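*Asks:* Listed below, chain by chain, are the residues.
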Amino acid sequence: MGEVIVVTSGKGGVGKTTTSANIGTGLAAEGHKVVLVDTDIGLRNLDVVMGLENRIVYDLVDVTSGNCRLKQALIKDKRFSNLFLLPAAQTKDKTAVSPEQMKILAKELKEEFDYAIIDCPAGIEQGFRNAIAGADRAVVVCTPEVSAVRDADRIIGLLEASELRNPKLIINRLRPAMVKRGDMMDISDILDILAIELIGVVPEDESIVVSTNRGEPAVMDQGSKAGEAYRRITRRIKGEDVPLMNLEVPSGIMDRLKRLVGIR
Amino acid sequence: MTRTEHVALKGTREGLVLYLDPAADFRLLMNELDNLLKNSEQFLQGANVRCYAGKKEFSEDEQENLTAILRENHLELAGWLSTEEVYVPGKTQSYANEERDARLWEEGMSEGRCLFMERTLRSGKSVQFEGHVIVQGDVNPGAEIIATGNIVVLGSLRGVAHAGAMGNRKASVSAYHLAPTQLRIADLVTRAPDDETDGRGPEIARIKDDQLTVEAAGMNGWRGKAR
Ligand SMILES: Nc1ncnc2c1ncn2[C@@H]1O[C@H](COP(=O)(O)OP(=O)(O)OP(=O)(O)O)[C@@H](O)[C@H]1O
Ligand SMILES: [Mg+2]
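Going line by line, the protein sequences match chains A and R.
With my numbering as the guide, the letters of the first sequence map in order to residues 1454 to 1717.
With my numbering as the guide, the letters of the second sequence map in order to residues 287 to 513.
Any given hint could turn out to be false.
Said to hold, decoys possible - DEER-style ranges, computed between Cβ atoms:
id	chain 1	residue 1	chain 2	residue 2	range
1	A	Met1454	R	Asn321	41 to 49 Å
2	R	Glu404	A	Gly1466	33 to 41 Å
3	R	Glu404	A	Met1454	27 to 35 Å
4	A	Ser1615	R	Gly487	55 to 63 Å
5	R	Glu404	A	Lys1524	31 to 39 Å
Keep in mind the hints are simulated off the structure, nothing from the lab.
These figures come from a predicted structure and were not determined experimentally.
Here a beta-carbon is modelled for each residue, glycine too, at the ideal position from N, C-alpha and C.
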């Protein structure tokens, strides 16, 4: 029986889709059978990031409303035969699917796959409720900005209220140089407020933009710093104990951070 | 206490009491009441209210009208108080409570209903309570607490806190790390100072000489005031 992991954030554009694509691809590269589910109905992106846009025939709404079978809608990845995408519908809206339908779908996916990664839309409305409905675990993505932290905090509260306890945190688009100058929130500022377990810090990295446009997740690019961060995150998702990447953050902060996240 | 010319709403130890001027015209009373409630804090929502109008008796229609206005503002009419049950200035009966409160206050104490929250209040969470609120956790930015009494936060208070929300100027807000987005006591409002607030230790905010002041908790607390 597999696991359903929802990737969420509250605030838009902080890297949910990027994270979903990279974690999913990372887990597939480690040999797991994985499905990526895009629940951002009306604003689908995951297919583009995965480079699978031109292969879509059926979508999530076709599956939940019984227009086709699950197998018909799943798109096999270009690189990994054990990685699949269930794309969102582009021409409908969030109300085309209900949380109950998502629960049923999640059950079905867990029987087939080791991991189902759910890419959640921004916001706290129905799209969010759909995305978390069938999830066993949650990953919260947040950038080092006050507004993103505020929204992540709200989301964590809502996840807790929906019995999704102990969500994990990924901080995305960190710029170590800016943090050093005191121009960006540092990791401990964020953890101080959110107080949940940090499973990764992804630096701001041009290779993300390049890989997104190419439809090849950075996690497969050995030369990419963000890719390296996602490889480590992938292993932590699997439960491995991996040290945080050195992002040239001053050592004092890293020590405090390690204490905070419970690494030695 | 929140009031208009002929209507007053007061938080007491036993709950909310609505005073209606027995001499005033009913329509005027209801107008004032409606305005009063519309402009008052929403923490009242869901609370029970008991009414007092001296010896005046309201007709069934009038009672229904009153209930409806309270309902509209999410309040429940829980009954009527007689002159014996309510504190009226000049009557000796309830002096016991007032006297007791004053005596406790002199000794740096106060008592009342309490809400304990063994959790952190995250962004978007709002807690409204008739009484004191004690949070055994943090109050994050984007969260708010509104209490008729005092507010105590064992962790960091970074959200909005309103103590003495029914007008009690003796109320206080204290926290291990006091850095609220906004702090209100009774009718006074202040923002967090813009300077770094880390590592100052526990602090307490209260009204002194019509000013909202913040000082280290425990050191310049009650006794400091007497000096
Ligand atoms: N670490 C990073 N470095 C540089 N650019 C990044 C990084 N992470 C994400 N981006 C860019 O930020 C943009 C938003 O990312 P993404 O689409 O993953 O966010 P999202 O949270 O899914 O957005 P939405 O809320 O709209 O669904 C994209 O253009 C992406 O390439
Ligand atoms: Mg997205």
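*Asks:* It remains to establish, for every hint, whether it holds in the given structure.
*Replies:* Here is what the structure says about each hint:
Checking the proposed 41 to 49 Å range against Met1454 (chain A) and Asn321 (chain R) shows it is violated: the Cβ atoms sit about 60 Å from each other. A beta carbon spacing of about 35 Å between Glu404 (chain R) and Gly1466 (chain A) agrees with the range 33 to 41 Å that was offered as a hint. For Glu404 (chain R) and Met1454 (chain A), the hinted distance range of 27 to 35 Å is satisfied, since their beta carbons lie about 34 Å from each other. Between Ser1615 (chain A) and Gly487 (chain R), the C-beta spacing of about 37 Å breaks the proposed range 55 to 63 Å.
A hinted range of 31 to 39 Å for the beta carbons of Glu404 (chain R) and Lys1524 (chain A) is inconsistent with their spacing of about 48 Å.
Violated hints, in rising order: 1, 4 and 5; the structure is consistent with all others.
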